[in-house]
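Here the protein sequences come in this chain order: A and B.
If you use the working numbering, the first sequence corresponds to residues 98 to 363, in order.
If you use the working numbering, the second sequence corresponds to residues 35 to 358, in order.
Derived by calculation from the structure, the hints in this document are not laboratory data.
Glycine is no exception: its CB is placed at the ideal position from the N, C-alpha and C atoms.
Treat the hints with care, since some could be wrong.
Pairwise CB distance ranges (calculated) [claimed, not checked]:
(1) G156/A / L152/B: 27 to 33 Å
(2) E186/B / W203/A: 41 to 47 Å
(3) E230/A / Y266/B: 19 to 25 Å
(4) G108/B / G169/A: 48 to 54 Å
(5) R127/A / I303/B: 56 to 62 Å
With a straight-line cut-off of 20 Å between C-alpha atoms, the simulated EDC-like cross-links for lysine to aspartate or glutamate are [what the hints assert, rightly or not]:
(6) K184/A / E210/B
(7) K233/A / E220/A
(8) K289/A / E101/A
(9) K184/A / E209/B
(10) K275/A / E258/A
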Amino acid sequence: MPIEIARADHLEVRYRDRVVWSDANFRIHRGEFVAVIGPNGAGKTTLFRLLLGLIRPSGGTLRVFDEPPRRGNSRIGYVPQSHVVDKDTNVQADQLVRLGFSGNRWIPNLTPAMFRREREAAETALRSVGAIELGKKSLGAMSGGELQRIFLAEALAGNPEILLLDEPLASLDIRRAKELVEQVHDLVRTRKVATLLVAHDINPLIHCLDKVIYIANGRVATGLPSEVLTTDSLTALYGVDVEVLHDSRGNLVIVGGEDSHRDPDS
Amino acid sequence: MTNIGWNWWGWNIILDLREMLQLEFVRNAFEAGTIIAILAGIVSYLVVLRRSSFAAHALGHVGFSGAAGAVLFGVAPIYGLLLFTTVSGSGIALLGQKASHRDVEIGTVLAFMLGLGLLFLAFYNGFATEAYSILFGEIVGISNAQVLFTLETSLPVFLVLGLVYRQLLFASLDEEVAEAKGMHTLVLGLIFMLALAVAISIAVTIIGVLLIFALTVTPAAIAIRLAKRPLYAMLIAVAVALFATWAGIFIAFYEVEPTSFFIVTIVFIIYVVVRSLPYLVRLKLWFARLLSRSSTRPGRSSTHPLPEPPRPDAPEPAAGSELM
């Protein structure tokens, strides 16, 4: 039996007294690659904020490493949504990755050993996302795909057991998105880090997923991609007729769900 | 500055310096200037990184009414400066990062604060000279006690900044991740604003509220163009602030123009040179091409127009440029 990293039982969350979604039940195990899918404003980022301990559930239980989520858990690596860097931020990338390793510490580096440990952690993290050659490049001069790899390295530098990636594919073209997904999949397999990835579109991910958390219409469905991404299961989730169509290469299109969700942020 | 006998500095700078440092007020100016330049240089890097230059500008203006109020009540201006800048700095910090983008609101409060300062000074008899020295700085009159006070107020700031340096750097570069990692970004923002308030308050003595930008923002604006590592950039910012302050005091000793003018001018010249470095490099390449062209094919340069010198800021790929 694989080690359980996080579990939710009848989890419910509210945003300003309104239920965003309720009755979510899922288990996440070590080394699993999980996609969090759903329309805009369905509450995908909210799930991450719960896991990070930045907000509290309004009902049910959520446990991370068999304890309630707490803020500042160093076993969680996080890449926020629409994470952009100003064009004139002339700071070389490995400095940010180093901060991912020891940026929450008080007192600056004082001994050569402290500097060395930090440098080695940053190099390992950069190498594991194939970005060692980007280390000396300025953050402001990077493309969207390069930045995503640096943020991934920043999150990895702390050696997390869970990786939360919020819409990392949003600003990438299809080829770059596929490259990044392969990079993440590789990390999941080699480092055995459980990874939750928020995405709009399931297709770039579908070949390497272990599990899907589908959030829509105030409800949450979880399970294997083949169980969740079916006409019946999504029709039940949305509460209106939804159809899942497959093409010859295994890509799928969900028809009918887009208009029926309620936007909890509006 | 007051002209006392010498008309122009000589070629032997060491000898000149030795002569100058015989005088107590010059020693005091150099000592206070050194402390201020180091603190301002460090803080300026954080100002630029956090994009809080408008807040730096704002605190200077708020400080004006604080200083004027202190003068009215017969207290040393520095106390009024410290009180007003720390209170309003805390206010800006507690409103959060978004506050630094509320230009209109801050600007409106600023205009009112300046007006208030004017009113305070209007009640006071020595109106013109006091206003002048708060607005533009007055370094000659620094006493031993003031130097000591400058040191005493900045030492705790150095200590706290050293302690939170890494967290502050992280929170400035990547606030969301820092927050998720359990850092108290609001507290860090508050610490930064208080450090900025102290830096501005003590810097006003030498450079004045209107020229505060030259020591609390521009040194780092120069440094980030020369170094990509925060520590190096901070050291360069300190070096620029120190050089400008020292050179400003030195030159002003022999000239009648005010010290702050020289400091601001030196900082400005360094800024212009550093900003134009990429253009100069490209211009040099262009000239090299022009020379090789005219030497190999002498007839062509007169009949054919030369290619435009390339713009150095154009080809940089922007973040997110590959969107879609």
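Item checked: Hint numbers contradicted by this structure -> Hints 1, 2, 10 are the ones this structure does not satisfy, whereas the remaining hints hold.
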